[in-house]
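Chains as they are written, first to last, in this note's numbering: chain A, 1 to 377; chain B, 1001 to 1079.
In short, the hints are calculated from the structure, not lab data.
Only a predicted model underlies this, so the values are computations on that prediction, with no experimental measurement involved.
Treat the hints with care, since some could be wrong.
[Stated by the list, open to error] These stretches of chain A come out as covered by chain B in the derived footprint (C-beta under 8 angstroms, 3 or more residues):
1. 132-142
2. 264-270
[Unchecked claim] What follows is a set of in silico ranges between Cβ atoms, one per label pair, in the way DEER data are often shown:
3. 1041/B to 157/A: 18 to 28 angstroms
4. 335/A to 1020/B: 14 to 24 angstroms
5. 333/A to 1078/B: 30 to 40 angstroms
6. 42/A to 1053/B: 21 to 31 angstroms
7. 1056/B to 215/A: 33 to 43 angstroms
8. 142/A to 1056/B: 26 to 36 angstroms
9. 356/A to 1041/B: 50 to 60 angstroms
10. 1053/B to 216/A: 34 to 44 angstroms
All C-beta atoms, glycine included, are put in the ideal place defined by N, C-alpha and C.
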Amino acid sequence: MGSEIIVVIVVATALVFDFTNGFHDTANVVATSISTRAMPPRVAVGYAAILNFVGAFISLEVAATVANDVVSVQANSIGLLAVFSGLVGAIAWNLITWYFGLPSSSSHALIGGMVGAVFVAEGPDNVFFAEGILGKVMIPAIVAPVLAFVVGGLTIVFLYRIVGRLRPGPVTGGFRLGQVLSGGMLALAHGTNDAQKTMGVITLALVANGTLTEAEFHVPDWVVVSAATAIALGTYVGGWRIIKTMGSRIHKMDAAQGFAAQGSGATVILAASHVGFPLSTTHTISGAVIGSGAAKRLSAVRWGVAGNIVVAWILTLPAAALIGGLTYLVTRLFGTGAAGPIIVSTAILIGSAILFARRSREGAAPGVVPATGSSPP
Amino acid sequence: MIATVVDWDALLQVIWVSLLAGVGVTAAWAFAIVGASRALEHGRDRRTVETVLYATIGVAGLAVVLAAIVFSIVILTGD
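Chain B on its own, in the form it takes in the complex (with noise of 0.2 angstroms):
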């Protein structure tokens, strides 16, 4: 009976993105911080290749996360 009654589709669907956004947009931000952190602490040691490569990857986190959350509102506003 479960089985015919439950859209299966919407559950799956609200499992799998729930999996992906929950991990997926909180690892982002811990590389954002790691990324800030770790360009800060090459920045006083003035080692610049390092600072660099650290401030992208802290960039990038940041830009994964915002982009996610503007994602899922335009997603749910288009309902």
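One chain only, chain A, in its complex shape (with noise of 0.2 angstroms):
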């Protein structure tokens, strides 16, 4: 009964984990949308919430390398603690980074998490660290936005000498439209390598508490549904900072450099679903649209807020790994059982809501973008 409990809290927390997702990174997935005025504010983030739910369905590759390839757990309630308490590491350092406004990873808090609590509870020889860590997520995740960063930057180049001589107002238009094919493609990409990551996630919780076996590897309907849903109304909810941070702090966007954006990074992260990879949204359309403002002219990237992206990126993975361990610790004070576990969601819980009273007294107004839909400052 005691383990029955603590899967239903492991589910439970992967799926706000899988909100928290929406809600953090897919507003990096309309920001461009927005800052070209493509589409008002609110319908980006509805559009992209619904092509969220599509996309989580339409593949598994990531799911099993995260269920399979970066850890493994025992069929007992410590392996079931682990997932739980990467879990929770990964949640702590999503709202860490949203509170302050600073587009993080939450694909790589989530593996963070996972490798810091499965190395404290199950040790080191449960952690692949070379195929899986290093492989799957760590050379991808360099790769990708580098990748996202060329393909950006040759697109928008190829852009301006197909449409150079035409005049601005039917390019501008016709950019815009595309916008909104090239937005949908980023929407339903995230929802396909994003989501897949927590029903990866609880495939494992599965596993550790002996419903499922790693031989027999497969994700239950319900759980490609749930993450679903979970996803795409985080999307809906929104994240307005990272819209601000994304969309215009990087450099202001024409409609065909969001096009070239937008592009760059659904072809690569849905490339990247289709083999596996664990990829970043976030790495990959930040990369892609400095790429696109890169290639225009070096000087309108403002490469400070880049800078500061980075460093965000190189500390997600230890960050969320130590918060994943020190929860596991945390957690297994109050034993083996579910008081842990309830005991530790509670007071995340708490925490969240602190979090969340402490930015809507401060006021939406620095981070959200103009519903008017004028020039962002």
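Once you've looked at the hints, go ahead and assemble the two chains, each given alone in its own frame, into the complex.
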């Protein structure tokens, strides 16, 4: 009975993470559409939410990587507590970076949290540092934003050459229309890659509970539907401060750049999803946004903001791992039953409520993209 | 060590597909814009040949974009 309660808490925590993932990450997906006025903010967020939901159903390669190739957990309560603690590490890091308005990576927070918790709970042998973390997470994590940067840069050069002699009006209108497609594909790509990470973690918890065996890996349908719903809801609620950072503080974009950035980001994420690399949408779209800006004019990019983002990326894996490991130690203070997860979940809920209340009191104005569509400052 | 742990086939696939699809599909959309815009201009001037030519370019560009989207979803759903 105790382990069943822990499974319920782990699944609920995973879905909360998925919600925060949508809340935290998907704003990046719609930022360019809002920044170039291709879509009003509320429409862009609703559109992204729907396509995130749809995207969660189209592939399971990333879920397989997260469940099988990064860490391994024993089919016992220790394994369940490790999965729970890893999730808490990721959620805590997401909340911290959201509070300070820093784009980090929910994906790497999740993997960092899981690695830290499993490392402390089950020892280094259950963490696949070489082929899993280095080969399928770290190297793609470096390649993806650089690739998106290059593709974004090349794309904008080609676009300007192709439409260079046309009048600006039809060009802007055409690329804004194109952003409906490219923004939709980016949201679809985000749902595909990110919702699967939660599916992978829930599947890992089901393995730890003995409900599934590692040998017969499959993601149950209810896991797919619930992960898709959670990320879509998180997307809709939105993360306005992150929109501000990604959409206007890196550089001001025209519609062609927005289209180039979204198209480049979407292709990189979809290609990576196909081969099972758990990429970060934030990393990828940031690389594409900066690439599309740098190709036009290097001085147009606010490199200080881009530098802050890189620092947040570097911190994400170790910080989430540290929080995940510490969470496991705190949870174990209350034994191997359900008491630890209940107490820690309550604590993280209270902490989240405090952060949300403080953010609300400080007012939404500094981070909100103008609903009227006026130019961001 | 890195050489042995990285799935180079998968990584290279991501790189070439991203370059080809990213640049190719967005360029196709740009040609769709050029085609539509020029077709409208020539249509106003009653230049039938140019209008048809640019309209064909526009439709072809749009078709490439839509085909690429459908193709990518079909490939992914096959995973």
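* Run the structure past the numbered hints and jot down the numbers of the failing ones, going up. => When the structure is compared with the hints, numbers 4, 5, 6, 7, 8 and 10 turn out to be violated.
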